[in-house]
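Enquirer: Please model the complete structure; the sequences and the hints are all you need to start from.
In order, the protein sequences belong to chains A and B.
Residues in the first sequence are numbered consecutively from 9, following our numbering.
Residues in the second sequence are numbered consecutively from 9, following our numbering.
Honestly, the hints are just simulated from the structure, not real lab data.
Don't take every hint at face value.
Distance windows between CB atoms, simulated [as the list claims (entries may be wrong)]: (1) A:K93 to B:G301: 40 to 50 Å; (2) B:Q166 to A:A270: 43 to 53 Å; (3) A:V67 to B:T220: 35 to 45 Å; (4) A:R48 to B:R273: 48 to 58 Å; (5) A:Q177 to B:K221: 34 to 44 Å; (6) A:E255 to B:E89: 45 to 55 Å; (7) B:L59 to A:A270: 38 to 48 Å; (8) A:P97 to B:D281: 45 to 55 Å.
We put the beta carbon where it would ideally sit given N, CA and C, even for glycine.
Number of protein chains: 2
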Amino acid sequence: MTGAPLFERMALIGIGLIGSSIAQTARQRGLVKEIAISTRSPATLQRAEELELGDFYSVDAAQAVDGADLVILCVPVGANEAVAKWISPVLKAGAILTDVGSTKQSVVDQVSPHVPKGVHFIPGHPIAGTEQSGPDAGFPTLFDQRWCILTPPKGTDQAALEKLSAFWQECGSNVDLMDPKHHDLVLAIVSHLPHLIAYNIVGTADDLETVTKSQVIKYSASGFRDFTRLAASDPTMWRDVCLNNKEAILEMLSRFSEDLSAMQRAIRWGDGDMLFDLFTRTRGIRRSIIEAGQETDEPDFGRHAADTRQDD
Amino acid sequence: MTGAPLFERMALIGIGLIGSSIAQTARQRGLVKEIAISTRSPATLQRAEELELGDFYSVDAAQAVDGADLVILCVPVGANEAVAKWISPVLKAGAILTDVGSTKQSVVDQVSPHVPKGVHFIPGHPIAGTEQSGPDAGFPTLFDQRWCILTPPKGTDQAALEKLSAFWQECGSNVDLMDPKHHDLVLAIVSHLPHLIAYNIVGTADDLETVTKSQVIKYSASGFRDFTRLAASDPTMWRDVCLNNKEAILEMLSRFSEDLSAMQRAIRWGDGDMLFDLFTRTRGIRRSIIEAGQETDEPDFGRHAADTRQDD
Chain A
9 MTGAPLFERM ALIGIGLIGS SIAQTARQRG LVKEIAISTR SPATLQRAEE
59 LELGDFYSVD AAQAVDGADL VILCVPVGAN EAVAKWISPV LKAGAILTDV
109 GSTKQSVVDQ VSPHVPKGVH FIPGHPIAGT EQSGPDAGFP TLFDQRWCIL
159 TPPKGTDQAA LEKLSAFWQE CGSNVDLMDP KHHDLVLAIV SHLPHLIAYN
209 IVGTADDLET VTKSQVIKYS ASGFRDFTRL AASDPTMWRD VCLNNKEAIL
259 EMLSRFSEDL SAMQRAIRWG DGDMLFDLFT RTRGIRRSII EAGQETDEPD
309 FGRHAADTRQ DD
Chain B
9 MTGAPLFERM ALIGIGLIGS SIAQTARQRG LVKEIAISTR SPATLQRAEE
59 LELGDFYSVD AAQAVDGADL VILCVPVGAN EAVAKWISPV LKAGAILTDV
109 GSTKQSVVDQ VSPHVPKGVH FIPGHPIAGT EQSGPDAGFP TLFDQRWCIL
159 TPPKGTDQAA LEKLSAFWQE CGSNVDLMDP KHHDLVLAIV SHLPHLIAYN
209 IVGTADDLET VTKSQVIKYS ASGFRDFTRL AASDPTMWRD VCLNNKEAIL
259 EMLSRFSEDL SAMQRAIRWG DGDMLFDLFT RTRGIRRSII EAGQETDEPD
309 FGRHAADTRQ DD
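Expert: Okay, here's the thing in structure tokens:
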């Protein structure tokens, strides 16, 4: 897509859905000359090699990072600090160090102390994904028309910021700059709360004695199944998100619960007007999301279940 | 699909997503000879006529029902009683009267007193739909591979039950028989709670001062947008569901809230193991739903946003 590659050697630490998608996008679009991949699981590393995602593979993160001018941490956010300590001695001056974690203030707190002078540390978060995980789940168009949020610390080198922004733009994304704390608040409502609510409702259904699991499964097309997608996301990733964005998540959970109590009260007391008003104003938001190009306008997500008779 | 039509004249009272889909399916598959359509809104009735959904159109439900051997109430559940009173005088002996409402005990309570002797009243609920509403939203494959629950009262005529079952089977559905109270409990967890939670979270996001609406929209692909689909459903229908399945919904809401409090506590106290365990067991349910043919196995619902570069 571009002429010369933006980077000589990109090191990906972690090769799940996001790492794998970055590798495939960067390779397909010629954004980097060489790709080094490291992950602590030998089985996952072998799978990455079978998929030919990189040029160099090692379970030793420091070996992968050695000589890299772009280092991207693609591990669950709880693992960032240990990785930063590990690679710190081999990070070369002038290199850009970034990550893809769903929380940003925690990454700043945990990684910054281990970044050597002369290395440009610019935390990042591509707002893209599916419910699947692992290197096989990656694909090269994952970042197209999505947003990537960067949270450059004060005094960040402008050239490094522009280069990293260019990388994400070539990956297909629009780049936004944000304060890490504000990022964490925004993501708490648009991503963390939805996932937690989804996990929670699926758990509640799983626990019922009065309705069997097979009934939940059979009739799930009436609404429930939508939640099971988010609730099938990677458990380690989401445990780490909870532990690393505690304050913002608790704030959003508590607002959600307050609103739910008000709804519960309206149902108990038969306040149809309150319910009708709420159910009406929520429609507009979906319309706006579709207009912003962040959602399909096909009914039911354009979903086709294992339905061979459906011909549209 | 079959030989002779199952019914001479089918009357549809209400012609939204479900009524329109029934009309199209029945016509396409030759299940009825004649289709009479009634709805109280002249504009909607006119639209149904433009779409050529039926053979006879009237804002007077009694006129549509006159001479029908199959009458299907396709109105929001709160309107069933008034419609039943209205059509009661013209329901002919031997006719089958059914409905498509999302609550069943309320329909039994509100409609039964108005059913003349000799009319077979068999409440029903096809578990199918999209977030869209109105006659334009209907399509003839909506019921394929879905379930239709019938709640025949004690002493229901066996031949009538078989005939109505055959109708739904020809529409593409599997028929289940259930007690109305149990139906209401099952639907409270698989359908009503998911919709209410979705409406609630979208409402919570809409109310925030710290995160702007445009940020919620921009970054919605990270989870939030999934909820906006259910929260775009028909407000009148869902208000009526809440008012007519109060007990079961309050029971499920209270279980959900308890579980949410436990999760909130785990987050506050950093109980990663509790979170990891919950996030792990919820994955299995999605797998089961996919295996049961009630969900697509494509990542992200196979959704393609307004994404022209995505080529898979």
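Enquirer: Against each hint, give a clear statement of whether it holds in the structure.
Expert: Now the hints, each set against the structure:
no., hint, result
1, A:K93 to B:G301: 40 to 50 Å, "48 Å, holds"
2, B:Q166 to A:A270: 43 to 53 Å, "47 Å, holds"
3, A:V67 to B:T220: 35 to 45 Å, "43 Å, holds"
4, A:R48 to B:R273: 48 to 58 Å, "31 Å, violated"
5, A:Q177 to B:K221: 34 to 44 Å, "25 Å, violated"
6, A:E255 to B:E89: 45 to 55 Å, "50 Å, holds"
7, B:L59 to A:A270: 38 to 48 Å, "39 Å, holds"
8, A:P97 to B:D281: 45 to 55 Å, "33 Å, violated"
Comparing the model with each numbered hint stated earlier shows that hints 4, 5, 8 do not hold.
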